[in-house]
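Asks: When you get a sec, could you build the whole thing from the sequences and use the hints?
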Amino acid sequence: MTFGETAPARESVFLNPSAQAQGKPAGPAITQAKLGNGLEIVVIEDHRAPVVTHMIWYRNGSADDPPGKSGIAHFLEHLMFKGTKNHPQGKFSELIADLGGQENAFTSNDYTAYFQRVAKEHLSVCMDYEADRMKNLVLSDEEVSPERDVVLEERRMRTESDPSEQLGEALQAALFTQHPYGRPIIGWSHEIESLDRADALAYYDRFYTPENAILVVAGDVEAAGVVRLAEKYYGPIAARGAPPERFRPHEPEPRAHRLVTLADEKVEQPTQQSIFLVPSYKSAAPGEAESLEVLAHLLGGGHTSLLFKTLVIEDKLAVTVGAHYQGTSVDDTRFYVFAVPAEGVSLERLDAVIDAVIARAARGVPESDVQRAKNRLVAEAIYAQDNQATLARWYGSSLAAGLSLEDVAQWSERIEAVRAEDVKKAVRWLDKRRGVTGFLLPARAEASSATANADKTASVAL
Amino acid sequence: MTTLAATEIPSRASTVQKIVSKGGIEAWLVEDYAVPLIALEFAFKGGAAQDPIGKPGAATLLAGLLDEGAGPYDSEAFHRALDEDAIEMSFSADRDILTGRLQSLARNSVRAFELLQLAVTRARLDAEPFERVVSQIAAGLKREANDPDFVAGRNFRAMAYPNHPYGLPVRGDLATLPALTRANLIDMRAATFARDTLKIAAVGAIDAAALASHLDDVFGPLPEKAGLTPVAPAAFAGAGTRHVFHIDVPQSTIRFGRQGIARKDPDFIAATVVNHILGGGIFSARLFREVREKRGLAYSVYSQLAAYDHAAMFSGGTSTQNGRAAESMAVIEKEILSLANEGPTEEELDKAKKYLVGSYALRFDTSTKIASHLLHLQTEGFGVEYLDERNKLIAAVTMEDAKRAGKRLLGDGKLLVTVAGQPDGM
Chain A
1 MTFGETAPAR ESVFLNPSAQ AQGKPAGPAI TQAKLGNGLE IVVIEDHRAP VVTHMIWYRN
61 GSADDPPGKS GIAHFLEHLM FKGTKNHPQG KFSELIADLG GQENAFTSND YTAYFQRVAK
121 EHLSVCMDYE ADRMKNLVLS DEEVSPERDV VLEERRMRTE SDPSEQLGEA LQAALFTQHP
181 YGRPIIGWSH EIESLDRADA LAYYDRFYTP ENAILVVAGD VEAAGVVRLA EKYYGPIAAR
241 GAPPERFRPH EPEPRAHRLV TLADEKVEQP TQQSIFLVPS YKSAAPGEAE SLEVLAHLLG
301 GGHTSLLFKT LVIEDKLAVT VGAHYQGTSV DDTRFYVFAV PAEGVSLERL DAVIDAVIAR
361 AARGVPESDV QRAKNRLVAE AIYAQDNQAT LARWYGSSLA AGLSLEDVAQ WSERIEAVRA
421 EDVKKAVRWL DKRRGVTGFL LPARAEASSA TANADKTASV AL
Chain B
1 MTTLAATEIP SRASTVQKIV SKGGIEAWLV EDYAVPLIAL EFAFKGGAAQ DPIGKPGAAT
61 LLAGLLDEGA GPYDSEAFHR ALDEDAIEMS FSADRDILTG RLQSLARNSV RAFELLQLAV
121 TRARLDAEPF ERVVSQIAAG LKREANDPDF VAGRNFRAMA YPNHPYGLPV RGDLATLPAL
181 TRANLIDMRA ATFARDTLKI AAVGAIDAAA LASHLDDVFG PLPEKAGLTP VAPAAFAGAG
241 TRHVFHIDVP QSTIRFGRQG IARKDPDFIA ATVVNHILGG GIFSARLFRE VREKRGLAYS
301 VYSQLAAYDH AAMFSGGTST QNGRAAESMA VIEKEILSLA NEGPTEEELD KAKKYLVGSY
361 ALRFDTSTKI ASHLLHLQTE GFGVEYLDER NKLIAAVTME DAKRAGKRLL GDGKLLVTVA
421 GQPDGM
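Chains as they are written, first to last, in my numbering: chain A, 1 to 462; chain B, 1 to 426.
No lab work stands behind these hints, which were simulated from the structure alone. Built from N, CA and C at the ideal position, the CB exists for glycine as well. Where hints are given, some of them may not hold.
[Claimed, not checked] With a Cα cut of at most 30 Å, we get these calculated DSBU-like pairs of lysine-lysine:
| hint | chain 1 | residue 1 | chain 2 | residue 2 |
| --- | --- | --- | --- | --- |
| 1 | B | LYS369 | A | LYS266 |
| 2 | B | LYS294 | A | LYS135 |
| 3 | B | LYS369 | A | LYS120 |
| 4 | A | LYS91 | B | LYS294 |
| 5 | B | LYS334 | A | LYS91 |
| 6 | B | LYS403 | A | LYS232 |
| 7 | B | LYS351 | A | LYS120 |
| 8 | B | LYS294 | A | LYS69 |
| 9 | B | LYS55 | A | LYS91 |
| 10 | A | LYS82 | B | LYS294 |
[To be verified] Sample of chain B residues with no beta-carbon within 12 Å of chain A, all distances over it, derived:
| hint | residue |
| --- | --- |
| 11 | ILE186 |
| 12 | ASP187 |
| 13 | ASP217 |
| 14 | ALA226 |
| 15 | ILE282 |
| 16 | PHE382 |
| 17 | ARG404 |
| 18 | LYS407 |
| 19 | GLY413 |
| 20 | ALA420 |
Replies: Next up, the structure:
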């Protein structure tokens, strides 16, 4: 059992506080279709319970926020609950609640998604409204203004009150020198404050189109029936001609390691985190992303991982350590390594030993370790089949990140195909020059740290 | 009033097999082969309420060490064994119970139950993982030391239940953690791991005979009777008082609460409906509407009922900018008083009942959720038939019931309030 793990940076921000599942599926009956107006459809059948999960994914997220308007994707996600020409504010939520349904929405770097979970006979109600708000959103200043305050409170809660989150933001900003992944999903406070009704509607008009959306329905349904229903509700939405273009400036080849420290009097427990710029499932050469996935598990996936064995069990330098590959991403993405030091161990020392373990992995990894990591990952895909909402999220996020249905369906096979040699090769991405290291420190330790600056400031040292 | 879905759904209780093994171990099983998985959950009475005096966190530490080496395996070997067959095993301590969870691919189930048997009956509690898990818990506590949510919550609990185990932190605290010994854990295990308080739920690709045989292997070796230390009933203290804990953050995190209604109280169901109207539902709740939607005071605002074996609590919380913390609290208090004095509207009552009845189905769409719910019903002392009764009970709540329960629950509106941050005017 591991307590007190450092979670890597949040990958999506929810409309309302809620848990989120992550997993890797395989197996169930999947059907794909496309309407004449360009709306893509994926149906995942699961007949164990008379329940259905209805999701609409838009292929735009925080990385598509126009310059100076960070947070607009997430702000609009909140505003999408404000009502349409046909349904005044709150009407749809009321209807869903009357049906015993649950709903929420979330925004990530590359996508924004809305979902409802209801008894299967109410699927058409969800489609009716979701189609309506794809084209008929109505916003008034009276609604926009308090909702902007809600988002600012959300940011105060998540980030402004938490030095660890503030360091996380500084790390992303340092890793991505020009790609918009460097901006927080929720946006910077000063830019959120300036977002208004006109910004929201301009963004809505640009991105909320059938060509830019993916409908994912999972549950006790039959595919042909779902497509017929979708045709009825989503079909009449006029096509716009082409999906909106995503303009994403590429990140230059990183050359300099960056160290970011944040010292704050609220910090009692120092932590270390490194992020490396690596290819995503979408941007990688064939097999490379899968190798990084296996590498993350082998390096930092639990008690038998290389980092855990060395740092926690053998050298007792850390109380916990882990790694995570954020592979589902349109552009080059992040590989995280994080650790919590044992009492009295400096972050510099911890970091040096992590480097040594990575260097060792670069010289080769045991085949048995690779096999064990692959077993775990492939099993996760089977475990995911137990949860229709997890499957819907996996398919939706993958497609929204530009992957194909085949990419998802063949994921387990591709993981199985990874060899020790491939994992060894993938370690080259964890070159220090491609990464940013973050130190979270108590304020009192700051004086003794050569790299730290003034109190409560995030500093970047090259 | 519209028809509620309760009568339309085929009996849920009839999908549950109540099995009794040769050795007399009882379990609830939902057999389902659609996905090649097995999910098992079980619990012993005990939990943090049984922590030794002056040593909170013992149950959490014990739970944390059960998968850290058992029988012939040290910690690493045990984890390797779990990894090799992709078996998920975890344990956690709550206020009144210690819970175990097992998930396995059907093809690895024999191995999964073997390892579970070792963890339950022969966990080694070795020195290395003991020290390590203590340090992990300590690091977690330090990470949260100045987290507003944690500070408001921890102090709220301490003030609500002074001089009672329910007032102490489940994970212990930094000052007393080092005093915990292996002997404490061995005593706790001997006193609480027993067949008479054991509850088990299993869902998935396994039949009754195979499950029964595994259960005899895993739990058969345990003593028949637990030796629990009696826990006194705990009344909620501090209503009508307000406490501020200063942390240098731009937002005030608020916890509020008062005495709740016991799980087996005839008014509990009606109180659940009233709480849903106040702050249980997300978009529909009064607090959401008044605090978030109309005034933009907070991102999160909620209320909830908690029922423990020896106490009942109504509580809620929000986080709002320091300058408007007093305003937020005033809005919340006004809504609580108005619901207590005037009760809900017919429409609110109707809608809350519809939601609570209709959404029950969403708890039964994954094996792990079903196992967890079936275990929960058992630890609360309900029979299988409750699966079918639950919605009927909610549907039967009348306006008179809601007003009575609302008055009992919210009463004079006096609250214990803890605030972490730099609130203005509080």
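Asks: So, for every hint listed, does it hold in this structure?
Replies: So, going through the hints one by one against the coordinates:
1. B:LYS369 - A:LYS266: violated (37 Å)
2. B:LYS294 - A:LYS135: With Cα atoms ~25 Å apart, LYS294 (chain B) and LYS135 (chain A) stay inside 30 Å; holds.
3. B:LYS369 - A:LYS120: holds (18 Å)
4. A:LYS91 - B:LYS294: Holds, because 15 Å separates the two Cα atoms, which is no more than 30 Å.
5. B:LYS334 - A:LYS91: holds (25 Å)
6. B:LYS403 - A:LYS232: violated (44 Å)
7. B:LYS351 - A:LYS120: At roughly 20 Å apart (the allowed maximum being 30 Å), LYS120 (chain A) and LYS351 (chain B) satisfy the hint.
8. B:LYS294 - A:LYS69: Roughly 24 Å between the alpha carbons, so the hint for LYS294 (chain B) and LYS69 (chain A) holds.
9. B:LYS55 - A:LYS91: violated (51 Å)
10. A:LYS82 - B:LYS294: The hint holds at about 12 Å.
11. ILE186: holds (18 Å)
12. ASP187: Per Cβ check, ASP187 (chain B) is outside 12 Å of chain A; nearest 20 Å; holds.
13. ASP217: holds (23 Å)
14. ALA226: holds (23 Å)
15. ILE282: Violated, because the least Cβ-Cβ distance between ILE282 (chain B) and chain A comes to about 5 Å, which does not exceed 12 Å.
16. PHE382: Its Cβ never comes within 12 Å of chain A, the nearest being 21 Å, so this holds.
17. ARG404: holds (24 Å)
18. LYS407: Answer for LYS407 (chain B): holds, closest chain A Cβ roughly 25 Å.
19. GLY413: About 24 Å separates GLY413 (chain B) from the closest Cβ of chain A, which puts it past 12 Å; holds.
20. ALA420: violated (9 Å)
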